[in-house]
Amino acid sequence: MSELGMFFGLLGAATAVLLAGAGSALGVGIAGRAAAGVVTEDPSKFAQVLLLQLLPGTQGIYGLLVGFITLSKIGLLGGGDVSISLSTGLMIFAACLPIAVVGLISGKSQGQCSAASIGIVAKRPESFGQAMLFPAMVETYAILALLISILAVSNIPV
Amino acid sequence: MAVVEMQKIGICALKENRKAILEKLQKLGIMQMEEDSIDDDELMKMDTAESRITWDKHAELCDQAASILDKYLPEDKGLLGSLEGKERLSEGSLREIIEKRHPCNKIARRILRYEKAVSECNANILKDENLIESLVPWMALDIPLSFEGTGKTSAFIGTMPGALTEEMIAERLREKAPELSALELKVLYTSSDSVNVFVLCMKEDAEAVETALRSLGFARPPQLALGRPEKVAEDAKKDIEKQKTEIGCLVDKIKENAGSRRDFHILGDYYRTRAEKYRLLGMIPQSKNVFFLTGWVPKAAAEPLKELMEKDYGAVFSLEEKAEDETEPTVLKNNPFSAVYEPIVSSYGLPQHGKVDPTTIMSFFYMFFFGMMLSDAGYGLVMVIGTALVLKKYPGMGQGIKKMLSMFFWCGISTTFWGFMYGGFFGDVIDVVAKTFFGYTGATPILKPIWFNPLDAPMQLLIYCMLFGLIHLFFGLGIKGYQYLKEGDAAGFVSDILAWYALLIGLILILLPTDLFGNIAQMTFVFPPAVNMLARILAAAGCAVILLMSGRANKNWGLRIALGAYDIYGITSWLSDVLSYSRLLALGLATGVIAQVINTMAAMVAEGTGFLGPILFILIFLVGSVLNLAINLLGAYVHTNRLQYVEFFGKFYDAGGEPFVPFETKTKYVEMK
Chain A
1073 MSELGMFFGL LGAATAVLLA GAGSALGVGI AGRAAAGVVT EDPSKFAQVL LLQLLPGTQG
1133 IYGLLVGFIT LSKIGLLGGG DVSISLSTGL MIFAACLPIA VVGLISGKSQ GQCSAASIGI
1193 VAKRPESFGQ AMLFPAMVET YAILALLISI LAVSNIPV
Chain B
12 MAVVEMQKIG ICALKENRKA ILEKLQKLGI MQMEEDSIDD DELMKMDTAE SRITWDKHAE
72 LCDQAASILD KYLPEDKGLL GSLEGKERLS EGSLREIIEK RHPCNKIARR ILRYEKAVSE
132 CNANILKDEN LIESLVPWMA LDIPLSFEGT GKTSAFIGTM PGALTEEMIA ERLREKAPEL
192 SALELKVLYT SSDSVNVFVL CMKEDAEAVE TALRSLGFAR PPQLALGRPE KVAEDAKKDI
252 EKQKTEIGCL VDKIKENAGS RRDFHILGDY YRTRAEKYRL LGMIPQSKNV FFLTGWVPKA
312 AAEPLKELME KDYGAVFSLE EKAEDETEPT VLKNNPFSAV YEPIVSSYGL PQHGKVDPTT
372 IMSFFYMFFF GMMLSDAGYG LVMVIGTALV LKKYPGMGQG IKKMLSMFFW CGISTTFWGF
432 MYGGFFGDVI DVVAKTFFGY TGATPILKPI WFNPLDAPMQ LLIYCMLFGL IHLFFGLGIK
492 GYQYLKEGDA AGFVSDILAW YALLIGLILI LLPTDLFGNI AQMTFVFPPA VNMLARILAA
552 AGCAVILLMS GRANKNWGLR IALGAYDIYG ITSWLSDVLS YSRLLALGLA TGVIAQVINT
612 MAAMVAEGTG FLGPILFILI FLVGSVLNLA INLLGAYVHT NRLQYVEFFG KFYDAGGEPF
672 VPFETKTKYV EMK
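Read top to bottom, the protein sequences are chains A and B.
The first sequence begins at 1073 in my numbering and counts up one residue at a time.
The second sequence begins at 12 in my numbering and counts up one residue at a time.
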């Protein structure tokens, strides 16, 4: 039975990294296309649009974070001999879901938002500070999900 | 910590002093000019558009020449060379350069001419290359493409669709025109979908052959060149060589003028300054003998300016009243520590006059929160040392970048502080190195956190984050209260500020001793009954005042109560604002945990690789740390801004001030003393 528990724990870590990473990849990709368009017109805006492109990249990192905490929790990292019961494994899996799902969706939305903000910078470079704020609004929800995932994973008794 | 008080002034002076006064004002750069509408027949404005455009064109010329020089002879400034800032130029050496501006302009024009010739050569090369490419299928032809036949024969040179062989073409021709006798047919080139052919026939057969060929889709080539393909291609190649040498000569000639680059920069700036002066000159009303200037100066600068104008130029200087519909421009003045945060405030929007400048209070919170989010002593030290070195090495850098670097310097100090509080130094690199390379088996962590490690007690830290957030928000509300008091709005102060403080503090005091809070925070509060009672009274009183007073602008009591009730609903926005500070915890954890991931990976790779181990470790550690620092620096910057803009400013701040744009020397490369 303990192997199944381990499997679900691992599934949780994998889901967090997988979905949140995919969300970031989508988001950074969407923003990157817009950024490339701006740079063809005005190479001097490279640094500004690159920063905006990077903003949706954090979801992937949050996913990695939860994945890492989960891996060390279930003893795959650090070599601790931990046995995970099926119910614990399922709990860990559930704890990983917030950042996985919200990471995927918010990563993509934040990418779209970043692309729009890159449009602002293309026309009004002086509004860079404001442009950066719109994607940051989307990220709030990824942060909230991250928080719950971290709290849940680290508080599940093993 | 304030918005600088501004004074509207008017200057009236004789036209003979116009040049001197304008140049003086431009040099001082303390006055923002206002465009006055003229309502007097005596006054008129000069049309200076033409002179301004001339100066602008000159500036453009110099800039172009300089950028051409940059293209062929890039200035080696190093990675951070752009931070060196503008060269400071004394009046004497400036005049020297201005004096030789005519030869300089000539050189600039010459450079532009050379550059134009270079691009013509490049165009020729492109043309030649295209020609060579289009001739490739005809290379097997050893007669000119325009060859039409001899006295007794007719030749057809052209292309046919389909990848056909000689036999296939001959067979098809025989089908189409069986009466043909002698026919010479040669396929010169076969591509995937067409062939280039040469067909020779007797002159009397020419018509039949042509008809047959045409029915097979034969087409003569476009007129490429008259000569033999091989020869034409060779000529084109020679021409390319020639053009390349020509370009080399031209570039050398351009490079000869490298010494003028500095002159171009300085003259460009000089011309820009002149253009700016003419732009102003076109704005000011003038009569036959006098001219008028109106505009804004900082109040403190008004008196000295008055003295200067009256004494040196015999001008009439008047302090003017601000008109009803005018807004004075905003300049911020803060202590040196807080001043570096001014760009953060101005990118949200400058404060209006008569309102509070939030920069000073914000600067402390900014530094505090930034440090909490990045929270790693190693990264903090990298920031502090890096920015300090750059700031020291390039004292002449632009104001904007200087402020930004100083801001990161202070935020780096805060980051270091929080790093030690949380026990993070490049994550857990000390422990990992000690275990991996020195066989350390003792207790970890070696670097003990001063406060506690957030990973051990995330809930506890979350509560602290919300507490810090609450303090931040209460400060915001307090500033709004201060503004109410300054405006003498006591009712507003009581019902919009005090009532909220009472309600919120009451609610928090009610919440703290509950089991719900105790379970979440793992902290128990036991208050004496008096405090519990007080909490209930505070909350109820606050609630009642908000309910009754929020809509006080309305006469209709029904509407007033409804508005009050809606305002109480605003408690949810307080809840979400406070929760928003949980990002302090989340981002702080992110930096630390990712740093640990990097260290663990580096240690896993390094283990058991012998002497290569440390090298691999350092390599992975460096690359990973740089990436982690970069992404988290960005995150901390963005989210600290957000906490200030959305949560803090949302409580009290309306931007809407107009930036102060003084009439000054606008230069790109040099600063004129």
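Calculated directly from the structure, the hints in this document are not laboratory data.
One or more of the hints may lead you astray.
Chain B is faced by these chain A residues, among others (derived, beta-carbon under 7 Å) [claimed, not checked]: (1) Ser1116; (2) Leu1218; (3) Ile1220.
Covered stretches of chain B (chain A as the covering partner; in silico rule of three or more C-beta atoms under 8 Å from a C-beta of chain A) [unchecked claim]: (4) 457 to 471; (5) 638 to 649.
Calculated cross-link-like contacts (lysine-lysine; reagent style BS3-like; alpha-carbon spacing at most 30 Å) [claimed, not checked]: (6) B:Lys138 with B:Lys264; (7) B:Lys366 with B:Lys19; (8) A:Lys1195 with B:Lys19; (9) B:Lys138 with A:Lys1195; (10) B:Lys197 with A:Lys1195; (11) A:Lys1195 with B:Lys266; (12) B:Lys299 with A:Lys1117; (13) B:Lys679 with A:Lys1117; (14) A:Lys1117 with B:Lys56; (15) B:Lys138 with A:Lys1117; (16) B:Lys264 with A:Lys1195; (17) B:Lys404 with A:Lys1195; (18) A:Lys1117 with B:Lys366; (19) B:Lys163 with B:Lys30; (20) B:Lys497 with A:Lys1117; (21) B:Lys30 with A:Lys1117; (22) B:Lys56 with A:Lys1195; (23) A:Lys1117 with B:Lys117; (24) B:Lys677 with A:Lys1195; (25) B:Lys19 with A:Lys1117.
Yeah, the Cβ is synthetic: ideal placement off N, Cα and C, and Gly gets one too.
Do the hints match the structure? See the list:
{"no.": "1", "hint": "Ser1116", "result": "violated, 12 Å"}
{"no.": "2", "hint": "Leu1218", "result": "holds, 5 Å"}
{"no.": "3", "hint": "Ile1220", "result": "violated, 10 Å"}
{"no.": "4", "hint": "457 to 471", "result": "holds (count 3)"}
{"no.": "5", "hint": "638 to 649", "result": "holds (count 4)"}
{"no.": "6", "hint": "B:Lys138 with B:Lys264", "result": "holds, 24 Å"}
{"no.": "7", "hint": "B:Lys366 with B:Lys19", "result": "holds, 19 Å"}
{"no.": "8", "hint": "A:Lys1195 with B:Lys19", "result": "violated, 33 Å"}
{"no.": "9", "hint": "B:Lys138 with A:Lys1195", "result": "violated, 37 Å"}
{"no.": "10", "hint": "B:Lys197 with A:Lys1195", "result": "violated, 61 Å"}
{"no.": "11", "hint": "A:Lys1195 with B:Lys266", "result": "violated, 36 Å"}
{"no.": "12", "hint": "B:Lys299 with A:Lys1117", "result": "violated, 48 Å"}
{"no.": "13", "hint": "B:Lys679 with A:Lys1117", "result": "holds, 18 Å"}
{"no.": "14", "hint": "A:Lys1117 with B:Lys56", "result": "violated, 39 Å"}
{"no.": "15", "hint": "B:Lys138 with A:Lys1117", "result": "violated, 34 Å"}
{"no.": "16", "hint": "B:Lys264 with A:Lys1195", "result": "violated, 39 Å"}
{"no.": "17", "hint": "B:Lys404 with A:Lys1195", "result": "violated, 34 Å"}
{"no.": "18", "hint": "A:Lys1117 with B:Lys366", "result": "violated, 34 Å"}
{"no.": "19", "hint": "B:Lys163 with B:Lys30", "result": "violated, 88 Å"}
{"no.": "20", "hint": "B:Lys497 with A:Lys1117", "result": "violated, 43 Å"}
{"no.": "21", "hint": "B:Lys30 with A:Lys1117", "result": "violated, 39 Å"}
{"no.": "22", "hint": "B:Lys56 with A:Lys1195", "result": "violated, 33 Å"}
{"no.": "23", "hint": "A:Lys1117 with B:Lys117", "result": "violated, 33 Å"}
{"no.": "24", "hint": "B:Lys677 with A:Lys1195", "result": "holds, 23 Å"}
{"no.": "25", "hint": "B:Lys19 with A:Lys1117", "result": "violated, 38 Å"}
Going through the hint list in order, the structure does not satisfy hints 1, 3, 8, 9, 10, 11, 12, 14, 15, 16, 17, 18, 19, 20, 21, 22, 23 and 25.
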